[in-house]
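A.B. asks: Going by this note's numbering, the sequence shown opens with residue 987, and the numbers climb by one from there.
What the hints contain is simulated information worked out from the structure, not anything from laboratory work. All values derive from a computational prediction rather than experimental measurement. Note that CB positions come from ideal geometry on N, CA and C, so glycine has one too. The reader is advised that the hints may include incorrect statements.
Unchecked claim - Think about it this way: if two alpha-carbon atoms lie no more than 30 Å apart in a straight line, the pair counts; the simulated DSSO-like pairs of lysine-lysine are:
| # | residue 1 | residue 2 |
| --- | --- | --- |
| 1 | 1135 | 1018 |
| 2 | 1071 | 1109 |
| 3 | 1071 | 1135 |
| 4 | 1033 | 1071 |
| 5 | 1071 | 1132 |
| 6 | 1018 | 1071 |
| 7 | 1132 | 1065 |
Claimed, not checked - Derived CB-CB ranges, DEER-like:
| # | residue 1 | residue 2 | range |
| --- | --- | --- | --- |
| 8 | 1032 | 1151 | 31 to 39 Å |
| 9 | 1013 | 1044 | 40 to 48 Å |
| 10 | 1139 | 1092 | 35 to 43 Å |
| 11 | 1131 | 1048 | 21 to 29 Å |
| 12 | 1014 | 1048 | 40 to 48 Å |
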Amino acid sequence: MQIELTFYSLQFYGDLSVSGLAHLVFIICRPKMTVLGSREQLCIHDKVKLLRGITQSTACRSACRRKDMSKPRCGHFNKVLSYLKRNPTIGEEPVDIEDLVNIGKTSGSYVFSTVLCPYYLSKELHQAVDIIFAPYNYLIDRRNIKSLKFSWRDSIIIFDEAHNL
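Make the full structure from the sequences, and use the hints.
C.D. replies: In structure tokens:
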């Protein structure tokens, strides 16, 4: 007895709504994803999170790159790469800003400053995911684009409600 297998090159699935289709795509494809946010949204450093704007960005960069050993370096920043090595599946389940903050706060003992930085976690995750969700300014501001260290070649960029640009 011989069984004939038929392969279809194209398959369709219909749904009443676009939101239903989007939900289905995430169920079937399960793309690795992350969301990019600002330091104001993601910072958990006791002092830096109280600052805003350029002052916060400068204080954060300074704490992460501190060369003066008499001042403590940001322990949250130092933990990101080792956390990603221990948790290679992060991003396989959808994460939002609150999830990133919770991951940062619960990745270690907060008392001993072994938690990791959600801001830099999201920036590292963007290099290993299939889809990135970000505010417009990450996609149109040259400084933000440069900071991502991401190859935009052959990328698809979708602006939801682009009429707001």
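A.B. asks: Are the Cα positions of residue 1018 and residue 1071 separated by 30 Å at most?
C.D. replies: holds (16 Å)
A.B. asks: At the C-beta level, are residue 1131 and residue 1048 separated by a distance inside 21 to 29 Å?
C.D. replies: Roughly 23 Å apart at Cβ, these two residues keep to the hinted range, so it holds.
A.B. asks: Can you tell me whether the CB distance of residue 1139 to residue 1092 sits inside 35 to 43 Å?
C.D. replies: Cβ of residue 1139 to Cβ of residue 1092: about 37 Å, so the range 35 to 43 Å holds.
A.B. asks: Take a quick look at whether residue 1132 and residue 1065 sit within 30 Å of each other, Cα to Cα.
C.D. replies: holds (23 Å)
A.B. asks: Hinted pair, alpha-carbon criterion (30 Å max): residue 1135, residue 1018. Please report holds or violated.
C.D. replies: Holds, at about 18 Å.
A.B. asks: Given the proposed pairing of residue 1071 with residue 1132, does the C-alpha separation stay at or below 30 Å?
C.D. replies: Measuring from Cα to Cα gives roughly 25 Å; hence the hint holds.
A.B. asks: Take the C-beta atom of residue 1014 and the C-beta atom of residue 1048, compute their distance, and say whether it sits inside 40 to 48 Å.
C.D. replies: Hint holds: Cβ distance 45 Å, inside 40 to 48 Å.
A.B. asks: Does the alpha-carbon distance linking residue 1071 and residue 1135 stay inside the 30 Å limit?
C.D. replies: holds (20 Å)
A.B. asks: Starting from the hint 40 to 48 Å, judge whether the C-beta atoms of residue 1013 and residue 1044 obey it.
C.D. replies: Because 43 Å falls inside the window, the suggested range holds.
A.B. asks: Are the Cα atoms of residue 1071 and residue 1109 separated by 30 Å or less?
C.D. replies: holds (15 Å)
A.B. asks: Within a Cα-Cα threshold of 30 Å, do residue 1033 and residue 1071 meet the stated pairing?
C.D. replies: holds (28 Å)
A.B. asks: Is it true that the C-beta distance of residue 1032 to residue 1151 lies inside 31 to 39 Å, as the hint says?
C.D. replies: About 36 Å separates the Cβ atoms of residue 1032 and residue 1151, which means 31 to 39 Å holds.
Consistency note: the structure conflicts with none of the earlier hints.
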